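Listed below, chain by chain, are the residues.
Number of protein chains: 2
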Amino acid sequence: MLKDSRSLHAPELIRLIEALSKVQGLGPKSARRAALQLLKKRDTLMRPLGDAILSAADKVKTCNICGNLDTSDPCTICTNETRDEGILCVIADVNDLWAFERAGGFRGKYYVLGGLLSALDGVGPNDLGIPKLISRIEQGQIKEVVLALAATVDGLSTSHYLAEVLASKNIKVTRLSHGLPIGGELDNIDEGTLLLALKSRLAV
Amino acid sequence: MLKDSRSLHAPELIRLIEALSKVQGLGPKSARRAALQLLKKRDTLMRPLGDAILSAADKVKTCNICGNLDTSDPCTICTNETRDEGILCVIADVNDLWAFERAGGFRGKYYVLGGLLSALDGVGPNDLGIPKLISRIEQGQIKEVVLALAATVDGLSTSHYLAEVLASKNIKVTRLSHGLPIGGELDNIDEGTLLLALKSRLAV
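Chains as they are written, first to last, in our numbering: chain A, 813 to 1016; chain B, 813 to 1016.
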């Protein structure tokens, strides 16, 4: 990438392409295409994007209570009194919170761990917000904790760890159900999920 | 996308995600992921990207001679006196120029059409820089025009049109060769290219 873009001569272009290529989802080639697209749409796309990035960098904060990203701290979900304080949904990252909010239907509060336990990457309980989660639970308002973590090795072991830690706290601990996704065709589902869905079959 | 991101509440976040989702190569989902990644790396990635975008929007210009993007107009290629004025490489877009410069080896000048003729999209000779290209050729310095356009329907018909227009100009008009890409395996090449490569086979 460095060598490639140096031959373009203009330092502003090099800087633009290199910065774009570090954005998740873009590589060196798509960064060059994106740079070209932006330069063709300077007023309708490029300047608004630059402004949006700098303004969000200044104004978006991490909520000190739940870890959500918002312009206010505490965030609008934490300060929303119509939401149920008694049910806490524990998620790995802010995009999981966004996914629940898009889906709608959950009216409790959230707690963003900021990652998952991972022996391989050396992520332990203190790297995530687990001590803070426990002290929040110990304040006594929460009746149920929903462990809404991915059904991956790290997600399942983090769920398992949290379930053990929370076992002594006299609250209900639940996890998301596993099974067939809505609209999922049987022959597109992996065997593990299919067998699990069979094992956890329900009477109709 | 609009409905989705409105539920996130913070207008700066909505604006960021919507602007990112318009960047070529990113969609609504990858824009949300990119926004999250940027917000996690505010000083190392997010602010430098915002600055790079705004600074490039202000400083990068389109070269009035060839259509290249550069901070100077005429661009560094057009003003480079060590490059051969006699050979002009006609390309559809600036990323094709970048591709040639990365490949190295071409020491002539360029002319960026800014697109390809397309009956379907209603792009005619005057929408591209073709009249300007012809007046540049009529200045008499150019001995050879290389039509370096894509081997697609629009690319081939633009090449054909230009070859006809330039036939009367007393200059050599060439095009890129077609055939097997270097490193290309025979069974990965489409049948059309394979037959063409056979038809244009060379003695060894």
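These are calculated hints, taken from the structure and not from any lab test.
Please note: incorrect hints may appear among the correct ones.
[Claimed, not checked] In silico lysine-lysine, BS3-like type, Cα no more than 27 angstroms apart, as pairs:
| hint | chain 1 | residue 1 | chain 2 | residue 2 |
| --- | --- | --- | --- | --- |
| 1 | B | 834 | A | 834 |
| 2 | A | 873 | B | 871 |
| 3 | B | 873 | A | 853 |
| 4 | A | 871 | B | 873 |
| 5 | A | 852 | B | 984 |
[Unchecked claim] Not the full set, but computed from the structure, chain B residues with beta-carbon under 10 angstroms of chain A:
| hint | residue |
| --- | --- |
| 6 | 825 |
| 7 | 848 |
| 8 | 860 |
| 9 | 907 |
All values reported here derive from a predicted model rather than from experimental measurement.
For glycine and all other residues, C-beta sits at the position ideal for the given N, C-alpha and C.
Earlier hints that do not hold, by number
2, 4 and 5
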